[in-house]
Amino acid sequence: MKDKQPATFELRLYVAGQTSKSLAAFANLKRICESHLAGQYRIEVIDLLKNPQLAAGDQILAVPTLVRRLPEPIKNIIGDLSNEQRVLVGLDLQPVKL
Amino acid sequence: MKKTVPVPATRVSLAKAPTGIQGLDELTGGGLPAGRPTLVCGSAGCGKTMLAMEFLVRGATQYGEPGVFMMFEENAQELTANARSMGFDLDQLAARKKIVLDYVHIERSEIEETGEYDLEGLFIRLGHAIDSIGAKRVVLDTVEALFAGLPNHAILRAELRRLFRWLKDRGITAIITGEKGEATITRYGLEEYVADCVITLDQRVHEQISTRRLRVLKYRGSAHGTNEYPFLIGERGLSVLPVTSLRLDHAASAERISMGIPRLDEMLGGKGVYRGSSVLVSGSAGTGKSSIGAAFIDAACQRGERALLLAYEESSAQVLRNMSSIGIHLEQWVKMGLLQIHASRPTLHGMEQHLVMMHDIVRAFNPGVVVVDPISNLTLDRNEAEVKPTLMRLIDFLKQQQITTVFTSLTTGGSSTDAPEDSQVGVSSLMDTWLELRNVEFNGERNRTIYVLKSRGMAHSNQVREFVLSDPGIDLVDVYLGTERVYTGTARAAQEAQERLAAELRQQDHERKLRQLAGKRKAIEAQIAALHAEAETEEAEVKFAIAQETNQVKASRQNAEAIAHLRGGATSGKSK
Numbered sequence: 000m001k002d003k004q005p006a007t008f009e010l011r012l013y014v015a016g017q018t019s020k021s022l023a024a025f026a027n028l029k030r031i032c033e034s035h036l037a038g039q040y041r042i043e044v045i046d047l048l049k050n051p052q053l054a055a056g057d058q059i060l061a062v063p064t065l066v067r068r069l070p071e072p073i074k075n076i077i078g079d080l081s082n083e084q085r086v087l088v089g090l091d092l093q094p095v096k097l
Numbered sequence: 000m001k002k003t004v005p006v007p008a009t010r011v012s013l014a015k016a017p018t019g020i021q022g023l024d025e026l027t028g029g030g031l032p033a034g035r036p037t038l039v040c041g042s043a044g045c046g047k048t049m050l051a052m053e054f055l056v057r058g059a060t061q062y063g064e065p066g067v068f069m070m071f072e073e074n075a076q077e078l079t080a081n082a083r084s085m086g087f088d089l090d091q092l093a094a095r096k097k098i099v100l101d102y103v104h105i106e107r108s109e110i111e112e113t114g115e116y117d118l119e120g121l122f123i124r125l126g127h128a129i130d131s132i133g134a135k136r137v138v139l140d141t142v143e144a145l146f147a148g149l150p151n152h153a154i155l156r157a158e159l160r161r162l163f164r165w166l167k168d169r170g171i172t173a174i175i176t177g178e179k180g181e182a183t184i185t186r187y188g189l190e191e192y193v194a195d196c197v198i199t200l201d202q203r204v205h206e207q208i209s210t211r212r213l214r215v216l217k218y219r220g221s222a223h224g225t226n227e228y229p230f231l232i233g234e235r236g237l238s239v240l241p242v243t244s245l246r247l248d249h250a251a252s253a254e255r256i257s258m259g260i261p262r263l264d265e266m267l268g269g270k271g272v273y274r275g276s277s278v279l280v281s282g283s284a285g286t287g288k289s290s291i292g293a294a295f296i297d298a299a300c301q302r303g304e305r306a307l308l309l310a311y312e313e314s315s316a317q318v319l320r321n322m323s324s325i326g327i328h329l330e331q332w333v334k335m336g337l338l339q340i341h342a343s344r345p346t347l348h349g350m351e352q353h354l355v356m357m358h359d360i361v362r363a364f365n366p367g368v369v370v371v372d373p374i375s376n377l378t379l380d381r382n383e384a385e386v387k388p389t390l391m392r393l394i395d396f397l398k399q400q401q402i403t404t405v406f407t408s409l410t411t412g413g414s415s416t417d418a419p420e421d422s423q424v425g426v427s428s429l430m431d432t433w434l435e436l437r438n439v440e441f442n443g444e445r446n447r448t449i450y451v452l453k454s455r456g457m458a459h460s461n462q463v464r465e466f467v468l469s470d471p472g473i474d475l476v477d478v479y480l481g482t483e484r485v486y487t488g489t490a491r492a493a494q495e496a497q498e499r500l501a502a503e504l505r506q507q508d509h510e511r512k513l514r515q516l517a518g519k520r521k522a523i524e525a526q527i528a529a530l531h532a533e534a535e536t537e538e539a540e541v542k543f544a545i546a547q548e549t550n551q552v553k554a555s556r557q558n559a560e561a562i563a564h565l566r567g568g569a570t571s572g573k574s575k
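Sequences listed follow chains W and L, in order.
For the first sequence, numbering that gives the first Met the number 0 begins at 0 and goes up steadily by one.
For the second sequence, numbering that gives the first Met the number 0 begins at 0 and goes up steadily by one.
Be aware that a few hints might be false.
[What the hints assert, rightly or not] Under 7 Å between C-beta atoms, here's a sample of chain W residues computed to sit facing chain L:
#, residue
1, Leu60
2, Val62
3, Asp79
4, Val86
[As the list claims (entries may be wrong)] Here are the computed lysine-lysine pairs in the DSSO-like style, where the Cα-Cα straight-line distance is at most 27 Å:
#, chain 1, residue 1, chain 2, residue 2
5, L, Lys217, L, Lys167
6, L, Lys217, L, Lys179
7, L, Lys553, L, Lys542
8, W, Lys29, W, Lys49
9, L, Lys96, L, Lys217
10, L, Lys167, W, Lys49
11, W, Lys49, L, Lys96
12, W, Lys74, W, Lys29
13, W, Lys49, L, Lys217
[Claimed, not checked] One side of the interface only, derived from the structure: several residues of chain W facing chain L at Cβ under 10 Å:
#, residue
14, Val44
15, Thr64
16, Val88
To be clear, the hints were calculated from the coordinates, so they are not data collected in a lab.
All figures in this text were calculated on a predicted structure; none of them were measured in a lab.
We put the beta carbon where it would ideally sit given N, CA and C, even for glycine.
Just chain L, same shape as in the assembly (with noise of 0.2 Å):
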């Protein structure tokens, strides 16, 4: 009859009996220790009993296992009217004998102590209870009020002692819940009798803005999230939000699907988005991201997906006007069940219970894509240490359904100077894909720009498009890239003019230079040649006064020996 959710770890774990609580069990594995007793603590007012109440009440209905509810500070008909305010019918359940509601009632002045007792009366009343309809589950609601109603804290430790043994020995999974303590996680330490699981409870007001946290403190023999969790109290009981982030094992999608507007995706790579990717448009006021974020509606519902809208600045009356002012028409849309807005004021909840909100509606609408504008009113200040792993765990839940997101971040500035990467530093690293946009100001007007920042796994553009908003609808249009910096809007056309000119100028210019280079060339040739001759006529007046010189060695011998020869020739025996 038990359903154990499954449990990531391979190993075989500790049994567990599921809370069927939104989040809850995710973050413990699969639930509470089966057939153990877990501590419920914190201060008043932050979810104690509705938790307990939903553990009971989920085990009753979902798990099949009927439950006792033992309560010491309220009585029966307020926890009944409590309950049906989570949409739990509590009279209901105990006339099918899957509950009891049993209300102990304990006033210190009506009780006078007079020598030995002990609580064997509760054990008799709760073991009549558990048996009259099979109990596997058992809530008590707070134990601690006995501390208040029974002067005798000695026995009261010892019984509560016996009582969390026997109740073990039952193999009872049992809720305790506690008041919070100055010094002690308990007011009367009542974590000394409950060792195998404790869960703290928290409120805290930031900002104004109250946030209600969990954390599983301690759970022996079971790997657990150790950090906080936001919790809301909604209209379909506790959702906790989910630790998906534990793991980070979301299957990775290779279909595209398209921004709605074509040039876009062509920036994209061309096929546009991942399913079940995160994109970010960020960008001051007024610089066109709603709209993005209307187009890409647009697209998916005409591909027939169902598109959700997170919208924190505009109703949803102002947001079908305002976009069908540029040509998307998402009223048909919303009439056909596609679409869904759901408008609310940001600082109607701190982030986290916004997150879990979305997180709900998600669940019930299961949307194809989601867009959320703008993200940056629940970030308002807030510190980032707070928002990133908040914002991560909605991306990892929306990325687990495949859920394709656009997020809208509204950033402060705008100017030029500085860098994008630095407006965003929270949230840019879970996003797959990074959309800016800039206003340009320059020349007397304001024109839009767009560039891909980053796009996680496809080859993206690298250039800066302008946006225009018109009546028939989005498009992106080529900028000018001038010398010094991008031109849009008429500057735009002006500038082409302009260099348009200015081209024709240097294509002058050039003939000049040419014409110049030809003439220089001649004259260069002339004076080689020039030089040709005179080299020419130098050799051939150092060829003559060679011969000369051998002519003149030559007459000299032929001199010589005709004086010899005159002389006598005997000596010149040799000319023979």
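Just chain W, same shape as in the assembly (with noise of 0.2 Å):
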């Protein structure tokens, strides 16, 4: 799948706040797109308490919530992403096997 959409991931994270599960979010975020999709993806924070009404226009109820916004279809994540499985089942992509 990789090979066949060379188009970057376009990631939006959104926060609300500087909270523990939202930097453990961006750190969890971090860690498998560089293991995973190095030099394809571009990762947005959107920090919900600044921009609240981006809230309403993303459908973000959850957070912290991970949006893939490219590739289509868009996708949604929630939680911290510390389960890293889910994560790329979330993100349509295959889990390297090592």
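Combine the two chains into a complex, taking the hints into account.
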């Protein structure tokens, strides 16, 4: 899939302030992307406390929420992304078998 | 800015946010608890969303309280379309920053859960919407959709608890809708979190007619009506059949108004019925109930009052035609706008809905008199326990508006052996005046009779009158009260002639008897005279006998003295 789809992954992480959950989510996301999507991703972190109007616009309920905006279709992953397997499933990435 | 509906309780009670929904504010004594969440639950299609929406729209338009409608099931377009059917323009309200519509889309298949999270996003979203228009009211419809969307119910429950707390802290009056559960009030037990006020909605089908009902299950810190109240989703929004019957304090007018038939007024103490009273006209088919109603309307319109006729048997054109055949021309009043006729099929809705509709019409038209013809069609096949409270509410409502009402009621049977009192047990106690119409079939004809079965607070005739419908109109005629029965029609005339003849005969009989008596008296007097004579004769004889005996005694004594004298007289010194 990665080969078929060379387009970059456009990811958005919605958080609400610098909570431990949002920090953990960002760290987890960074690690997963580095190991599976090195060089093909862009992460945008949106703090809903600063941009509350985006919560409605992007249909955000839970935080942290990771939205895969590209490639389509849009995927939502909620939680602190601690479960790597499920993040990969959510992002439609085949886990790399070592 | 906030208007509060006067609360019946004299004590200072909970601050309330009026819903603006007809009837609901009366039921709750002023509205929902202000600054607290209220749970509205019920099964699908029972009107939860409509109730919530009206609460929000009325708040924004009438009470200066903007609101946020957060929906989890329908999207904003769908809701706007639905609202339009009730006459609310949500788009325009949103443009004027009176309301915010926020559709929360949640789809289980699009969501992957990985680890810890909370619903801060929802809070931020709601908080932002509230702040953007300074909202005082919030609707969450229906928050239970989250349970289907988010697998982790433990987090969800904790977050919902926090959400309701948060709404309370912000002083938001909220409606949270919930789906009815099997054993619990709501499927996911939301009532655990929203404990201040719970309203349940219900839609039931009875005899193929569905009726929506509302009940205030719980209202912490406030008195409220606990019954089930029927409600209707109409063109002007929701109407809950008001609970004026919680109180029984309507003013009683001393004014009397005519029934439109002079001789009928005469039977009712000479002046007709009290304004604001309820009149039941019962009778079997073809006894002239509708005609009485029409005469009553005609009289009201002649006085310049507005009249409302709710017809459940005839179309309005038919009513006008039929009544003109007995000299009651109602069409002129319709043209003048004094009379409104609403004809509908009784089976169109349940009785409650009919009553709610009547309510709406009465409020809009504000008539002085109302005629319901006939009420029995509404109560058909319904048990009285259901009918009575509903009807009572309508009557109370009309009384409070000082509207005089005539209800006609078709009674079954109509044979004169049944006690008419039995036929209308359910409603009769609610009525102030009860006129009973009867067909009297006798001597090859059928005639109508009328009598006043009861009439509260006035002297009324105990007489049965014959009720005559003819080209020039309605009239009441004295019936002939014979020895055994009431005679009407030609039988009355025949009976009157017969009775005259009988009276003549009786008169002759009396004279004969008097003559006989006189003769007898004479004979007795003669007898008395004879007895007197006999007694005198006997007395004379007795006196004669006594005199004789006295003479004998005297004679014998003289004799003895003479003898003594002759013998020497010495012994008879005494005689000196």
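Do the hints match the structure? See the list:
Satisfaction of the interface hint for Leu60/W is found here, the shortest Cβ-Cβ separation to chain L being roughly 5 Å, below the 7 Å cut-off. The closest approach between the C-beta of Val62/W and any C-beta of chain L is roughly 4 Å, which is under the 7 Å cut-off, so the hint is satisfied. Given the 7 Å rule on beta carbons, the hint for Asp79/W holds: about 4 Å separates it from the nearest Cβ of chain L. Because the closest C-beta pair between Val86/W and chain L is about 5 Å apart, less than 7 Å, the hint holds.
The straight-line distance between the Cα atoms of Lys217/L and Lys167/L is roughly 18 Å, inside the 27 Å bound, and the hint therefore holds. A distance of roughly 15 Å separates the Cα atoms of Lys217/L and Lys179/L; the hinted pair therefore holds under the 27 Å criterion. Only pairs whose Cα atoms come within 27 Å are accepted, and Lys553/L paired with Lys542/L is accepted, the gap being roughly 16 Å. As the CA atoms of Lys29/W and Lys49/W are separated by approximately 22 Å, the hinted pair is consistent with the 27 Å bound.
Simply put, Lys96/L and Lys217/L have alpha-carbon atoms about 33 Å apart, too far for the 27 Å limit, and the pair is violated. Between the alpha carbons of Lys167/L and Lys49/W the distance comes to roughly 24 Å, so the proposed pair stays at or under 27 Å and holds. For the given pair, Lys49/W sits about 22 Å from Lys96/L by alpha-carbon distance, which is consistent with the 27 Å threshold. Between Lys74/W and Lys29/W the CA atoms are separated by roughly 17 Å; this keeps the pair inside 27 Å, and the hint holds.
The straight-line distance between the Cα atoms of Lys49/W and Lys217/L is roughly 40 Å, outside the 27 Å bound, and the hint therefore fails. Because the beta carbon of Val44/W sits about 14 Å from the nearest beta carbon in chain L, more than 10 Å, this interface hint is broken. With 10 Å as the threshold, the beta carbon of Thr64/W comes within range of chain L, its nearest partner Cβ sitting at about 6 Å, so the hint holds. The interface hint given for Val88/W is met, as the beta carbon of that residue sits about 6 Å from the closest beta carbon of chain L, less than 10 Å.
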